[in-house]
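Trainee: One line per chain: the protein sequences are B and F, in this order. Under UniProt numbering, the residue at position 707 of the first sequence is numbered 707, and the numbers go up by one with no gaps. Under UniProt numbering, the residue at position 70 of the second sequence is numbered 70, and the numbers go up by one with no gaps.
Errors might be hidden in some of the hints.
Under 8 Å between C-beta atoms, here's a sample of chain B residues computed to sit facing chain F [claimed, not checked]:
no.	residue
1	E96
2	R121
3	S124
4	I314
5	T316
6	T349
7	D353
8	T354
9	Y410
10	F532
11	L534
12	G662
13	T664
14	T665
15	W720
16	A722
Short, incomplete list of chain B residues facing chain F, as computed with Cβ under 10 Å [as the list claims (entries may be wrong)]:
no.	residue
17	R228
18	H255
19	W320
20	V421
Below, in silico cross-link-like pairs of lysine-lysine (DSS-like), each with a Cα-Cα straight-line distance of 25 Å or less [unchecked claim]:
no.	chain 1	residue 1	chain 2	residue 2
21	F	K37	B	K287
22	B	K528	F	K50
23	F	K9	B	K423
Simulated from the structure, these hints should not be mistaken for laboratory data. Note that the Cβ used here is the ideal one computed from N, Cα and C, for glycine as well.
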Amino acid sequence: MMNAACEVCEFNTASDLKKLGGISGKYDYTIALAGNPNTGKSTVFNALTGLRQHTGNWPGKTVTRAEGSFSYRDKTFKLVDLPGTYSLMSDSEDEEVARDFVLFGKPDVTVVVVDAARLERNLSLVLQILEITTNTVLCLNLMDEARRHGIAIDLRTLSRDLEIPVIATSARSKEGISELITAIHTMATHGNTVKKHLLTDIPDDTGEAIEELTANLQRLDPDLPNTRWIALRLLENDQGIIRALQQGNTAPGLHSELDDILNKAKNYRSSLDGHYQDDIAEAMYSKAARLVKDSVSGNASQRAFRMDRAIDNIVTHRIWGFPIMFLLLGAVLWTTIIGANYPSQMLSTLLLDTLYPWLKNGAETLHFPWWLSGFLIDGVYLATAWVIAVMLPPMAIFFPLFTLLEDFGYLPRVAFNLDRVFKTSGAHGKQALTMSMGFGCNAAGVVATRIINSPREKLIAIITNNFSLCNGRWPTQILIATIFIGVLVPKPWSGTVSVLAVVGIVVLGIAFTFFTSWLLSRTLLKGKSSFFTLELPPYRPPKVWQTLYTSLIDRTLIVLWRAVIFAAPAGAVIWLISNMIIGDQSLALWLIHGLDPAGLFIGLNGVILLAYIVAIPANEIVIPTILMLTTMVIGTTTLGAGAGVLFEGSETEISALLQAGGWTTLTAVNLMLFSLLHNPCSTTIYTIYKETGSRKWTVVATLLPIVYGVLVCLAVTLIWHALS
Amino acid sequence: MKHLGLLQKGETAVISGILHNCPAEIRQRLLDLGFVKGTRVRIENISPLKDPVAYRIHHTQISLRREDASYIEIEINENEE
């Protein structure tokens with residue numbers, strides 16, 4: 001702890017350390033970063049590269065391979081962050097990525113990040129990697145947590161036993177990072193002279209089989225590295241390794257020799273009768289246990305996790321578990337909705353009430369023609385300003401709140417609580433995690449489905465992710481709930497009722513997630529729920545200020561970026577179609593009148609349908625589009641130059657405008673439903689295509705919600721008319 | 001002979017192996033997570049709908065569905081609380 005202040009000081013080793021972030025180029029060395037889930041691997045990655053990859057406290061957060069780089073003492077290092085895995089033995093997607101990179105990517109150094117407080121579990125992966133390569137550095141992370149739990153680790157003994165450098169770090173506070181860099185540098189430039197295998201406790205019959213296959217493989221190809229590991233994998237009938245060997249040995253002589261080896265492996269496999277897998281795993285864990293006994297003092301299991309257990313007893317409680325879950329969801333929504341009000345009004349005053357007239361006056365002074373000032377200021381500028389004023393506050397509040405819950409470690413508990421319900425729907429419990437991600441952004445939720453191993457269950461998770469009401473749709477819900485639903489009750493209650501209406505839509509979305517999962521499991525994606533394992537990681541105190549700060553900056557940048565690339569063109573399109581006159585009316589009016597019969601039939605209207613077509617690129621622009629088009633339809637053009645102009649309005653004005661446009665409570669309710677149940681935005685559709693690689697499933701994921709939306713709106717309209 | 005699905009809260013057990021009829025993929029996954037012979041295991045937490053169950057094993061909490069836990073053979077350690 002003494003040198004903690006120096007660790008973070010820029011003048012330490014860091015003076016030689018240049019963080020190159022994600023800049024690509026040629027590198028002197030490639031470094032692989034491996035480790036179990038929940039060991040703070042991504043935090044180590046960030047500390048080394050200076051990138052801000054988001055770190056969350058749930059297994060499988062790094063589902064893609066992240067790459068970054070740094071340079072130290074005139075050498076450049078490429079750092080590859082591999083998905084967190086418990087082992088390199090299984091054939092799941094993430095483990096294959098990690099294994100293939102360590103085995104075939106030939107990294108110069110493999111850094112294994114382990115959780116110091118849970119060394120025994122983590123050492124199993126370390127031992128497997130040491131079977132492949134001894135050019136390994138052990139990064140004993142989360143030392144601060146281990147110390148807090150009263151665990152002491154004798155680094156020298158551990159390093160001597162494993163015969164690799166062992167570096168203690170607390171990546172969150174950058175403690176030990178400079179030593180880690182030095183160790184990586186030394187290992188990269190000198191290599192590890194020790195090439196000993198540590199797995200010695202394997203029973204005789206299994207051991208002999210491994211020896212024999214290893215010798216055979218060496219004869220086949222003397223240059224083949226890691227023959228012992230490959231022998232292990234052949235016994236396991238690992239198809240990926242067999243394919244790689246077959247591709248590497250195509251010459252006729254070698255080919256038949258390889259076939260002999262493969263046959264031998266097959267015979268051993270049947271004579272060892274399945275206990276081979278158990279033998280290896282047992283040897284690994286007993287070795288790990290001995291290593292821990294030698295170097296670790298203090299008992300982690302007794303007192304250290306008392307706090308975790310107390311929290312778990314509450315949040316997964318038989319009776320309170322579910323109410324707490326809904327309460328937290330409600331609290332996050334409530335804080336977002338209520339909290340977004342004030343900054344939204346401030347931004348709206350600044351951008352719409354102050355800046356807009358100023359720009360208009362400026363254009364007039366400079367003698368802009370009416371159509372240019374209309375196009376630029378009333379079209380492009382107003383749409384962009386509107387999106388920023390309405391979108392930024394809720395996102396800037398929701399994301400940090402969600403991130404805090406995520407960092408704390410609550411999300412895996414949600415999956416734990418809900419797995420039974422997902423199982424009944426034929427889906428996977430981890431879908432709870434991807435569903436939660438979807439509340440932020442559906443595209444992110446779709447990418448996160450990679451944590452689900454079964455392809456069938458992954459597809460279900462992808463198709464249903466759109467039923468998580470994403471942040472881009474919240475402002476629509478909030479605005480419509482406030483001006484149409486909130487006003488139905490006495491004023492003191494209107495805020496609460498509006499929030500409840502939005503929560504109702506979110507809960508309905510969750511219901512649709514379960515219903516659709518169930519439906520797909522019985523129709524297009526027949527099958528039963530597969531195997532489920534999930535680690536419940538220890539709770540970790542989130543870094544509140546850092547999270548608030550980085551999420552705020554990140555969100556602001558993302559919203560501004562989206563506003564520029566989606567809202568500005570949309571504003572331009574709306575202005576253009578509103579001012580392009582064909583025959584006796586504008587193109588927009590032709591479209592709206594054409595869509596009106598269908599829209600009114602399902603309790604919406606032509607303006608809303610046209611808005612949803614214009615807003616395919618981004619859900620954020622639905623409301624500004626509706627307002628601009630409604631203004632045009634009822635002909636209030638006093639505010640801007642040309643038709644299709646947005647006005648700078650308070651909620652009362654918006655309400656008056658929409659009512660003038662023929663809106664009723666029914667229209668509002670249906671719009672809220674349709675906002676939940678319609679096609680995903682174009683970014684999400686593209687992500688779905690990339691993840692599934694299938695046009696068929698992309699079309700299903702795109703059209704299914706629209707079918708739901710039309711049917712639900714129609715049903716509500718019919719019932720509404722029957723009742724009134 | 002007992003399997004992990006039958007373990008009660010408060011009991012501690014030692015794993016004696018994985019049953020023969022366990023599908024290969026599940027067997028490997030269980031072994032990866034440390035459900036190997038000689039390992040001590042106990043119930044840490046039961047989810048509100050009774051399934052899955054979170055087990056404490058190798059100082060971590062791993063949750064399994066009961067049907068999958070039933071592939072794991074155990075011996076219950078009577079002496080410990």
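Trainee: Mind checking the CB of T354 of chain B against every CB in chain F and telling me if the closest is under 8 Å?
Mentor: Because about 52 Å separates T354 of chain B from the closest Cβ in chain F, which is outside the 8 Å limit, the hint is violated.
Trainee: Does T316 of chain B meet its interface restraint, that is, does its C-beta lie within less than 8 Å of any C-beta in chain F?
Mentor: holds (6 Å)
Trainee: Answer holds if the nearest beta-carbon of chain F is closer than 8 Å to that of T665 of chain B; otherwise answer violated.
Mentor: Violated - the Cβ of T665 of chain B stays beyond 8 Å from chain F, reaching only about 37 Å at its closest.
Trainee: Tell me if L534 of chain B is really an interface residue toward chain F, meaning its C-beta lies closer than 8 Å to one of theirs.
Mentor: Since chain F brings a Cβ to about 5 Å from L534 of chain B, closer than 8 Å, the hint holds.
Trainee: Against chain F, run the beta carbon of G662 of chain B and see if the smallest gap drops under 8 Å.
Mentor: violated (47 Å)
Trainee: Have a go at the R228 of chain B hint: is there a Cβ in chain F nearer than 10 Å to its own Cβ?
Mentor: R228 of chain B check fails; min Cβ-Cβ to chain F is 19 Å, beyond 10 Å.
Trainee: Would the hint linking K9 of chain F and K423 of chain B be met if the CA-CA limit is 25 Å?
Mentor: The hint holds at about 23 Å.
Trainee: Using the nearest Cβ pair, does T664 of chain B come within less than 8 Å of chain F?
Mentor: violated (41 Å)
Trainee: So, as I understand it, the hint says Y410 of chain B touches chain F; can you test that by seeing if any CB pair is closer than 8 Å?
Mentor: Cβ of Y410 of chain B sits 14 Å from chain F, so the hint is violated.
Trainee: Does the nearest C-beta of chain F fall within a distance shorter than 8 Å of the C-beta of E96 of chain B?
Mentor: Hint violated; E96 of chain B Cβ to chain F Cβ min 13 Å, cut 8 Å.
Trainee: Given H255 of chain B as an interface hint, is its Cβ closer than 10 Å to any Cβ of chain F?
Mentor: Since the shortest Cβ distance to chain F is 28 Å, the answer is violated.
Trainee: Taking 8 Å as the limit, does the beta-carbon of R121 of chain B come near enough to a beta-carbon in chain F?
Mentor: holds (4 Å)
In summary, the numbered hints that this structure violates are 1, 4, 6, 7, 8, 9, 12, 13, 14, 15, 16, 17 and 18.
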